[in-house]
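Asker: So you can see what is in the structure, the chains are spelled out below.
Number of protein chains: 2
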Amino acid sequence: MSPTEQALSARSAARALRASSTAERAQALQRLAAALIERQDELLAANAADVAEGQIAVAEGRMSPALAARLKLTPGKLATLAQGVRAIAAMPEPLGRVLAARELAEGLVLRQVSSPIGVLLVIFESRPDVLPQVAALALKSGNGLVLKGGKEATHSNRALHRVLVEAIAPLPAGCVELVETRTQIAELLELDQLIDLVIPRGSNSLVRHIQSSTRIPVLGHADGVCHVYVDAHADLDRALDIVLDSKCDYPAACNAMETLLVHRSVDPAPFVEALRRAGVTVHERPEDWHTEYSGLECALRVVDDMDHAIEHIHAYGSGHTEVIVTRDPVAAERFLEQVDSACVFHDCSSRFADGYRFGLGAEVGISTARVHARGPVGIEGLLTTRWILRGRGQRVAPFSSGEAAFTHRELEV
Amino acid sequence: MSPTEQALSARSAARALRASSTAERAQALQRLAAALIERQDELLAANAADVAEGQIAVAEGRMSPALAARLKLTPGKLATLAQGVRAIAAMPEPLGRVLAARELAEGLVLRQVSSPIGVLLVIFESRPDVLPQVAALALKSGNGLVLKGGKEATHSNRALHRVLVEAIAPLPAGCVELVETRTQIAELLELDQLIDLVIPRGSNSLVRHIQSSTRIPVLGHADGVCHVYVDAHADLDRALDIVLDSKCDYPAACNAMETLLVHRSVDPAPFVEALRRAGVTVHERPEDWHTEYSGLECALRVVDDMDHAIEHIHAYGSGHTEVIVTRDPVAAERFLEQVDSACVFHDCSSRFADGYRFGLGAEVGISTARVHARGPVGIEGLLTTRWILRGRGQRVAPFSSGEAAFTHRELEV
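Those protein sequences? They're chains A and B, same order as listed. Each residue of the first sequence is one higher than the one before, starting from 1 at the first, in our numbering. Each residue of the second sequence is one higher than the one before, starting from 1001 at the first, in our numbering.
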C-alpha cells in the first residue's frame, strides 16, 4: 500500500473505531501489554538485528553511539512498556465526556462532547519503544494512527507492529498503520486531507524540519530555551537551589534552564561559582542567548529589572518554560501574568514542566504552539470536540420571526 | 511600515496589552462604540467614495452587484455595530480564567489559565463592518490584530481604522494594524513566526486559498456541505419541517442543507414536492454530492440504511453540520456518536449551527478544523492557555530520588 492508501485506511478504520466500546478498546490494550511480554523473544530477535547493524554504523562513524544506545530493547524495557500500556488501558474513558451543556430553547439541548481528532501521524527516530506507547494512546483516544519510524529501527518496528496488529485484532483493521521506511517523510507531510495532526518524537532538528514543511498542525516543540530570572528580592539560597536543579538535574531535557537572568542588584558570582562547581560552563556572550545547549552549559545575563528580563525572554526564548525567583509577591504575580510562555513558574524548578509531574497521566509531548494544546500535553491533546444538539423538530424560522425565544440556560454537565 | 514591521508591532503591542486591566480594555471599547456614532459623517463620507467606485465597477462588469451591496455603510449599520461593540465590552473577562487547578505536592500548586493567543490576522472582503467587530473581539481577548481588507473598501477601512486607533488610544499603540491593500495576501501568510492564527472572513474560495497557502493555523471553513438524513422511522411531518427550514430559511448560509438523504423505505416524493413548491431545484445526480449550492438547489440521494447515510456523509460532506430525523432513539444516538462532523443534530434544523443560536455571545466564525476550536466559535477560539505553577523553592531531584512524593490532588477552580 502507498502511504496515501495507508492514511485512507487509518481514516476509515478510525471511523469504525468510534463505534467500539470502552471495554473493547481496553481489552485490546490489555492483550497488547500481554503480547509484549509473551512474544518478547520474537521482539528481541528483531531488535538484535537493528542493534547489530547499528554497531556497524557506529564503528563506521555513520551513527552516534547515543542514537545506537536508544535502539536497544531489553526484557526490562518491554516489561516497563507493558506496564505503561496497561496504565493507559486503565485510564478513564476520554471519549464522550460532556464539556458543556446548554438548553437553547425548550426541548432543544446542546452538548459539547469530547471526540477523537481523526488520524495522527507520529514520526519517530531510533527508540522503537515509542511505537506501542503512542499506539496505546491513539487507540485509547479513538484515533487512527500512521507511524513512521527511523530506518535504523526497521526490524524492531516491523516486529512491534506485527505483534500489535495481532493483539488488537478485533478492533478495526488498519487503525494503526506502519509506513515502510523507504517512504520519504515529505510525502506524508503532503497528506493534509487525510492526516489531522503530526506528532514528531525526536531531535530538535527533526521537529523544526517538520514544522516548516507541512500545513498539518504539529504538536511539539523544536526548542526549549528556558529561563530562570533571579529577581532583586529573591531568597538567594532558594534561587541557588532552583538554578542548579533547573540546569543540572537532566541537562539534555527540553525543560532545563539555558539562560540565567540576574537582576543587577544581585551579585551573580555565587551562581556562576555554584554552576561551575557542578560542571556547568557559563557563557556571558549575547551570541548564546538563542542557544539550547542541552548539556552542562548555560548563558548568563545581568538585567536592569524585571521588565528587562521579560523583554529578554520574549526576544530570545522559545515560549516553553520560564521561572521567577522572588520573595516579592507583586513582582511574582506580574511575571506570571505577563510572560507569554506555555509554562510560567514562581519559586520552583523549570524541570517541573512535564506531563507526569503535572499529573496528566501519559504525556503525548510538550507543545509550544499557541493553538490547540499548549505546554505538557496529556491524552486530551489527542481529542477535539463535537457539538451535539437534540431537539423535537425545532426550526429556526420561529426564532427569527420572534414567535419563539432562546433560553440559553446553562445545564449541569 | 512593511507588513512584517506591522506584525512585529502588533506582537509587541499585544504583549503590552496583557498588562492592561479589564476596565481599561472595556473603556476603550466603549469609546470605540461612541466614536462610531459621533464620527459617522466622516465614516459615511469615506464609505461613499468606495460605494461610488463600486458602482462604476458594477457598471463595467468588474464587480458583482451583491459585493457592491455589502460595501455600503449606513447610520443604521453603524448603530448596530456600536451596539455589538458595547456587547463585547460587557462580556465577562475572558483572560485569566482558571480552567484547572491541581496541587502537585505540598506547597506546589498548578493552574491552567486562559490567555490570549498572540497575534491574529483577519483577512476580509468587501464588508467594512468586519473591522470594528473583529477589533473589538481581539482587544477584549488581549490579542494583537493585523487586518487586511479588500481593495474595494480601501477608503472605508482606512477611516474606520483611524477612528478606532484614536478611540482606543490609551491601549498600546500598534495593537490593531491595518495593512495597506497593495500588500499581497501571500506575503502575510508567510509570517508564521509573527502571526499565530489566520481568520478569513469572505467567500469559500478565499478561505480555500488561504487554507492551502499557509503554515499558520486557519480558523474557518471553506465548505458547508450539510446533510439531513430522513431515517426509516422518521416522523414525516417533522422531517418535512426540518428539511424545508434547513434548506430554505437562508439558502446562502454555510449551515443550510445541501444534500437530503432519504432511507429507501421512505417515499422521497413528498420531500421533492415540498422543496419544489418552495422554489428549490432538486438534483438526483452523483456529480452533485460534493456541491455547496448556497442557493435554492439541493441534491437528493436514497440510501439503503443509516450506515449508508453515514458513509455518504463522510465521503462527500465537509464536516460542518449533519442532521438525523428519526423517532428511533437508538438510531439517533448511534448517528450522534458516529458522525464525525463539527455539529451533529437530532430532530432539529441544521440552521441552529451558529454562534448566536448556540449562546456563545459573539461569533468569531465556524471552524471545520479538528484541532483548536471546532464548530461555531466564540471568543474562546481567540484564547489559549498557560500553565502557572507557584512553589516554595521546590526542586525535582527529591521527587526523583523518592525523598518527596507528588500528591496530584485536584483543587476547586
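Any given hint could turn out to be false.
[Claimed, not checked] On the chain A side, residues computed to face chain B include the following (Cβ under 7 angstroms):
(1) Ala19
(2) Val109
(3) Pro217
(4) Gly391
None of these hints come from the bench; they were simulated from the model. Backbone N, C-alpha and C fix where the C-beta goes; we use that ideal spot for every residue, glycine too.
Asker: Determine for every hint whether it applies to the structure shown.
Answerer: How the hints compare with the structure:
1. Taken as an interface hint, alanine 19(A) checks out: its beta carbon lies about 6 angstroms from the nearest beta carbon of chain B, inside 7 angstroms.
2. Hint status for valine 109(A): violated, given a least beta-carbon distance of 10 angstroms to chain B, over 7 angstroms.
3. Residue-level restraint check for proline 217(A) holds (minimum Cβ-Cβ distance to chain B is 5 angstroms; threshold 7 angstroms).
4. With 7 angstroms as the threshold, the beta carbon of glycine 391(A) comes within range of chain B, its nearest partner Cβ sitting at about 3 angstroms, so the hint holds.
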